[in-house]
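Protein sequences appear in the order of chains U and G. Residue numbers are given in numbering that gives the first Met the number 0: position 57 of the first sequence equals residue 56, and the series is strictly consecutive. Residue numbers are given in numbering that gives the first Met the number 0: position 32 of the second sequence equals residue 31, and the series is strictly consecutive.
Worth double-checking, as some hints may not be accurate.
To be verified - Result set (BS3-like, lysine-lysine): computed pairs, CA atoms no more than 27 Å apart in a straight line:
1. G:69 <-> G:17
2. U:73 <-> U:85
3. G:17 <-> G:245
4. U:626 <-> U:714
5. U:323 <-> U:384
6. U:52 <-> U:226
7. U:226 <-> U:323
8. U:146 <-> U:85
9. G:17 <-> U:620
10. U:609 <-> G:69
11. U:698 <-> U:470
12. U:93 <-> U:60
13. G:193 <-> U:626
14. G:245 <-> U:612
15. U:85 <-> U:143
16. U:143 <-> U:454
17. G:69 <-> U:598
18. G:245 <-> U:613
FYI, nobody ran anything at the bench for these hints, they're computed from the structure.
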Amino acid sequence: MSTYKNFTVETDADGIALVTWDMPDKSMNVFTMEVMDEIDAIVDATVADAAVKGVVFTSGKSSFSGGADLTMIKSMFSMLTEEKAKDPATAVQKLFDAAGRMSWLWRKVETNGKPWVAAINGTCMGGAFELSLACHGRVASNAKSVKIALPEVKVGIFPGAGGTQRVSRLANAQDALQMMTTGQSLTASRAKAMGLVHQVVEPAELVNAAKQMIKDGLKPVAPWDEKGFKVPGGGVWTPAAAQLWPAAPAILRRETAGNFPGALAILKCVYEGLQLPFDTALKVEQRYFTEILQTTEAFSMIRSLFVSMQELGKGARRPAGVPKSEFRKVGIVGAGFMGASIAYVTAAAGIPVVLIDRDQQAADKGKAVSEKLVADSVGKGRLTKEEGEKLLSLVTPTPDYSALSDADLVIEAVFEDRAIKKAVIEQVEAVIPATTVFASNTSTLPITGLAENSKRPDQFVGVHFFSPVEKMMLTEVILGEQTGLKALAVALDFVARIKKTPIVVNDTRGFFVNRCVFRYINEAYDMLAEGVPAAMIENAAKMAGMPVGPLSLNDEVAVDLSQKIMKASIADLGPNSVKPEHMDLIDKMVDVLDRRGRKNGQGFYDYPAKPAKKSLWPGLKDLYPQKPASEIDVAILKQRFLVTIALEAARTVEEGIVTDPREADVGSILGFGFAPYTGGTLSYIDGMGVKTFVALAEKLAAAYGDHFKPTPLLKEMAANGETFYGRFDPYGEGREAA
Amino acid sequence: MTDVFIYDHVRTPRGRGKKDGSLHEVPSVRLAAKTLEAIRDRNGLDTSTVDDIIMGCVDPVMDSGAVIPKAAAFEAGYAFSAPGMQISRFCASGLDAVNLAAGKVAAGSDDIVIAGGVESMSRVGMGMSGGAWYMDPSVNFPAYFMPQGVSADLIATKYGFSRDDVDAYAVESQKRAAKAWDAGYFRNSVIPVKDQNGLTILDRDEHMRPTTDMQALASLNPSFQMPGEMGGFEAVGIQAHPEIEKITYVHHAGNSSGIVDGAAAVLIGSKAGGASMGVKPRARIRHFANIGSDPALMLTGPVDVTEKLLARSGMKISDIDLFELNEAFAAVVLRYCQAFDISHDKMNVNGGAIAMGHPLGATGAMILGTVLDELERRDLNTALVTLCIGAGMGTATIIERV
């Protein structure tokens, strides 16, 4: 048998070939064209070799496989673009063939005539699980690290290599749809309960158990290739299915507002496929897959949520020359909710933390936040008791600044007050070594100004976390005017270490995320003042793809905080920086009505005692004369939300605040949930075309105000036919980190 | 265009559409055949002169499948020359059968047509014929599919009808139906269903609950909250009508149409057809129309189709003496009256499907007959008959006495 670059094949005395996937120079196995060619060759070789009775397919890495490779997906898109330029008709045929390559290769495995068993030793994602499903037997290790998923929907596509057809022929349709439309991860035992794996065994037994299945006479025929095969539950025309299918699109609409073509395609594939012979069903899946691959949503989501997110997570913006930072100790000053939460995520990454506040009691209160989060995680089985204790042992609460003397990084999260921050900076710098980087978690104060209080402004950086810190995946790293490369590198290394995704932002009021969020909320104020019913404002925002309505969001951050920020803006930037109607509304809400948001049980919503749900405050109707719903175009409301945010993102690029379009995109999705199906704020613009966007913005400006006027940069780009990813090409020549 | 006349109409009583309903033992085809027999026998009809038999049937499968009007013609002993055709426009099928027949007569292709409908909901359950509309995600999604009850609750929410409003309407429907039965208003048109020995199986609508009052209805839980909230359909309704924060669930079995078995037939023809039968026309079919409407509200099609019909016919709401709108759900009727500012005194004056039931394919023909009888009884001239329809459609017909 020949040798392979990515696989070893060893046939034992029983004639069982153990195929071990172990890609050189990669920490995780992924599908490349070369890998697929080799699997194809392995099938041919094992079929041809009479000594081989069956095949066990496993991985030589700690995980089984992460699925498709970035470069393969990118090459598929660039192939499509190139071919479309040459000849659109044949381009689609070529895409169809490429989209089916993996599916028909797995079908070849399934029908090769010799039994194949997948031995799933660790995380098994996407195409790798689809390959496993095409094997005749599936054995999974019971190790905690085993996670099985078909997560394609999360990046705008769907399991297009037989996944929709095999899962729905093994599991009941409802479980199958749930798994694929959410992309949820399954444990090995859950996968077994669903009927997706045959056995779950101890890790050490994995390969033996897989081989034993073959020795026990595993038939090399998939259930659906047997005569008389019946779909679980009897298929689409049964009383149970008559309950499921009418509701499935409704639930999808509830969860996604219909913004994800890939998710709906899963429903279509399963519904149509279950009524067809298997090969025909695969062909139908291939047709839908080809369709979805051509959507703007798929292109933009893959780029932002798969490619860019990984690149930023791996330090795309990290200055190359600085050695990798070690974190033997991190100091956090300010044990309020933010500081305490940052301490938790730091300890969770295995880094010792000193948590400082003005006295022991306040510091202890901060550690209690970690204690509660650990207790929750232990309760939910995410941490063992021992792991939880170890985590907590890493957090040392103290009022003593001298404990910071050997910290590699200090983060301040004290009250948002320049004088308090100044005092803290001075106190900290009095004890830390000159090599230690000082980071401020301010969300409102410009970093350059704060750095004036520092003896070492080049070592001073902003690290802006989002609440709840343990859940939010984004961190903004803010560069002051004098912030140096080392401080940036340390900040990025820290963010990577706590497994968050960083974006690097130059100093400005509100940085990137909050500037966008203010636009979102401001648009809702405008709509309220126009007399748009509040429910329509909230629903339109959610239908546009926002996770939380703007009024609900404002209640969460507190209406009086908005008031404070608006007043600060007026004080610092002048009266034109805030629309008078907005100030009037918020002054009335806070000063007259005492509606401060969720925290005092009344804001734009009323918050009755549980279990009653919050509902919009009926008094909103009386603040402004209401327009009848029939006179309001919801499509325009949706556009206004997305366009005003996207315009703000474009301004940050124009001002040089954000320099890499990947960061505006990933930052907007991870930071405030900007309509993920768009791929983020700038992909939203690029996706429709800058020219179209400028025309749309001008139309909105005419009707809804100057804040919709396209900026000079956008107009220039529209005139030149440019895109953000073209003009600010993150991979282009001459680009350097930061 | 040839004038189109209504010469006669009959209906069966409506049996409870369950296994313990009186008409459950009667196959769908026999229910339909009973109406054909009555039309023939009451009018001395030579069935070899019948140009067509068109019947609505919403779930034309199993017992009701394979062109049930032709099967019913065999069962009724009609001449082999009488053809048959089954149609479906969901709940308006019976009225659309009438309109289609009228169209054929008006076009001059037919002189005598029997139009009507049949549905044995106890034997062939609702939805038994399947369908892409609600099963196929490619259709269900863009159609904003919702169970009709959730749509009815969406209408009540959007147009501001409270639980008391819809319950009060239902109580009145029951009262009116009971009064009409007691006074014998239906006597001339309801044909008792008898067995082969002449023994009566059912001679009265058995779904009615004449003693129902507000208190009794108040004890019923809303029927569509569960599918609305758990099945995701509330979100569908809200995304179609985003000014709504949440749906108020007001409909239940007591203020929604009853599930029943029944059939109806209307004898339609040209002037020449009437002359050949030797019968006098009772009314003229003046205009009819169909429309598609908001699919999420689904059941407001009668409003849209009425506007279309009035515009096409050059008539005004005030030209209509009596309205008959199928009581699929109380809010459907309340919304219609609200939209046109129609007094309840002119609407469904002898009750409707909330009291007597809604045998899907047949109802349109039944209520056309009901309102014709009432025009005659009151000596009024013009009536408008309309029904709301699944997937968001409306059918309406204006008749006037001659």
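Consistency of the hints with the structure:
Straight-line distance between C-alpha atoms of residue 69 (chain G) and residue 17 (chain G) comes to about 26 Å, which keeps the hinted pair within the 27 Å bound. Between the alpha carbons of residue 73 (chain U) and residue 85 (chain U) the distance comes to roughly 19 Å, so the proposed pair stays at or under 27 Å and holds. Between residue 17 (chain G) and residue 245 (chain G) the alpha-carbon distance is near 33 Å, which puts this suggested pair outside the 27 Å criterion. Of the pairs offered as hints, the one joining residue 626 (chain U) and residue 714 (chain U) is violated, with about 34 Å between alpha carbons and a cut-off of 27 Å exceeded.
Taken as a hint, the residue 323 (chain U) and residue 384 (chain U) pair is broken in the structure, with Cα atoms around 32 Å apart against an allowance of 27 Å. Between residue 52 (chain U) and residue 226 (chain U) the alpha-carbon distance is near 24 Å, which keeps this suggested pair within the 27 Å criterion. Of the supplied pair hints, the one linking residue 226 (chain U) and residue 323 (chain U) is violated, its CA atoms being roughly 60 Å apart against a limit of 27 Å. Proximity of residue 146 (chain U) to residue 85 (chain U) is assessed by CA-CA distance (about 42 Å); at most 27 Å being required, the pair is judged violated.
With a C-alpha separation of about 47 Å, the suggested pairing of residue 17 (chain G) with residue 620 (chain U) is violated against the 27 Å cut-off. Proposed proximity of residue 609 (chain U) and residue 69 (chain G) is contradicted: the alpha carbons are some 61 Å apart, above 27 Å. With a C-alpha separation of about 38 Å, the suggested pair residue 698 (chain U) and residue 470 (chain U) falls outside the 27 Å cut-off, and the hint is violated. With a C-alpha separation of about 33 Å, the suggested pairing of residue 93 (chain U) with residue 60 (chain U) is violated against the 27 Å cut-off.
Between the alpha carbons of residue 193 (chain G) and residue 626 (chain U) the distance comes to roughly 59 Å, so the proposed pair goes past 27 Å and is violated. Proximity of residue 245 (chain G) to residue 612 (chain U) is assessed by CA-CA distance (about 11 Å); at most 27 Å being required, the pair is judged to hold. For the hint pairing residue 85 (chain U) with residue 143 (chain U), the CA-to-CA distance comes to about 49 Å; that exceeds 27 Å, so the pair is violated. Our distance criterion of 27 Å between C-alpha atoms is broken by residue 143 (chain U) and residue 454 (chain U), whose separation comes to about 48 Å.
Of the supplied pair hints, the one linking residue 69 (chain G) and residue 598 (chain U) is violated, its CA atoms being roughly 70 Å apart against a limit of 27 Å. Straight-line distance between C-alpha atoms of residue 245 (chain G) and residue 613 (chain U) comes to about 11 Å, which keeps the hinted pair within the 27 Å bound.
In this structure, the earlier hints numbered 3, 4, 5, 7, 8, 9, 10, 11, 12, 13, 15, 16, 17 are contradicted, and the remaining ones agree with it.
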